Amino acid sequence: MKRALSVVSLALVLLLTACTGLPTSGYVNPGRGPQSDDAQTFAFVPDGPQDDASPAEIVEGFLRAGSGPADDWATAKLFLAPGTQWDPRARVTIDRLADRRATASSDGATVTVSLSTVASVDGNGAYSPSVAGTTDSLGYSLVRVDDQWRISAAPDGVVLYEEVFPTVYQSASIAYFDPTWTFIVPDVRWFPRPLVASRVATALVDGQPSAWLEGAVKNAFPEDLSLVGRSVTLSSGGVAQVQLPRAALSLDTTTLNRMQTQLTRSLSTAGISEVQMTVEGTPIAAEEVPVRVTRVDPPPAVMTTDGTFGILSGDQVTTIPGLSDAVESLSPQSIELEADRSLAAVRTTQGTVASALADGRTFLLDDRPGLVAPSIDSSGLIWSVPSSSPSQLRAFTPEGVPSEIGNAWPDASEITAFQISRDGTRVAAIVTVAGVREVWLAGIQRTSSEINLGPPHVLSFTESGAFDLAWLDDATLGILALDDGVSHLRELGVGGRGTTGGAPDGARSVAGGSTSVRVLDDTGRLFSRRGSSWTLVADDIRVLAAQQGTAS
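In this text, residue positions in the sequence shown follow the working numbering: the first is 1, and each later residue adds one.
Hints are computed from structural coordinates only; laboratory data are not their basis.
Quantities reported herein were computed from a predicted structural model and do not represent experimental measurements.
Warning: the hint list may mix true and false statements.
FRET-style restraints, in silico, Cβ to Cβ [claimed, not checked]: (1) 322 with 292: 50 to 56 Å; (2) 78 with 387: 54 to 60 Å; (3) 103 with 486: 36 to 42 Å.
From the three backbone atoms N, C-alpha and C, an ideal C-beta is built for every residue, glycine too.
Let the sequences and hints guide you as you build the complete structure.
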């Protein structure tokens, strides 16, 4: 009966918390503008320990209380014996509630909880999926306190079942620069909703990029510069302020402007629209620097069945001077366009990889057998790899000078498709490991003399029918798959989690658009998706080209 009443009260809380008011001072948080650091517009309010609860019930209640991060998980701490040390921020284990089991020892002094884990989030907010079928076991010690069972030892971190996790935790992007200080690169993390603004600022100023992005991005904040006091506060004028030490005053204008850009872009993903850096309460003069956009032009780039390549507008194809003739001469099977449309990477119907230049020249770059569709990076290099030899990844200049890419997809036996992000810092790939297809990310580490991939980061362990992928935006991948004869599109965020929806029958290739996803089927029909609906855009299309940015 208590559990039934708890569910009813939880439902009422979820409805009524939307009425929470807005304070005029304190920490800044996402949602309806600045609020107190513990305010939420949508929150779980878990129950505390019940009188005369059994050891297993105490541990089960403690786990449920992990869904309430308010006041530093004050409710969960009611389940602990005095003096018990427990760090709720250390880790999140995401599991399936139906599989969770708590078993107490005969004397009640220990409880073991068995879990079917779906994913985890580390102390820095980085999300990692679990291999299907992964189980875990957590041990808890209990003692009697005033004749009631309480937990005397517990693993650090909280356990949340998968349906509750995105309600308690919120994704936000830590904004870094690419090595040329030209693009903003999002490093997506997950933080407790009441704490997201302060955790984002702390991660940017005092933290490091996610391990897989190390060496691929840059941070304008010097390593010896730390936040002062409360990380994000609200000024009387409604501006979110980030307090920095006096050492910030000695930094040059370019560095300060880049810092301002990173802070503004990072905190905007936490729902904050205006940010100011301060030293001892005095604002620092800084402004955002312009960054290069990575959106794709609205019209798709295509090759029609009659062999014409160009930009599709309505039912007309406008050719690209010089480049279209060069592309058409190569008899393409796949095409990827550089952002300014001065270069195209082509896999020919003969299976070779070639370049096409805007001055009409073409170069054969790679004639190894079994090549997958190539990709262009932000510096104009064309990357190519045989499907059966993922480690043999090479980058070619448009004129054909090759270089090896180090540490390419270790342990992968096959690569089905790959694409470089439009900011040039990351590469995504569908690879096969031990007979199973997976989706991997890796940072691109560049020096003056070599290019290497960083350690692989697994986005998905189970993509058995996946055969094509595309960067839909800076933080989302589109994965085309065929399972049991049915086409579907999986959208995976680079920070973990994703959604699966339908795709047109016979879907063959996918590309990102400015506001939509584009799919070409095996009969030459081009579709565009907005929302959940697929709209036929054109017929008689032979190749849907990927675009690495906008021409403007």
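Do the hints match the structure? See the list:
1. Against the hinted window of 50 to 56 Å, the Cβ-Cβ separation of residue 322 and residue 292 comes to about 24 Å, which falls outside the hint.
2. Under the hint 54 to 60 Å, the C-beta atoms of residue 78 and residue 387, about 56 Å apart, fit the expected range.
3. Judged by the Cβ atoms, the range 36 to 42 Å given for residue 103 and residue 486 holds: they are separated by roughly 41 Å.
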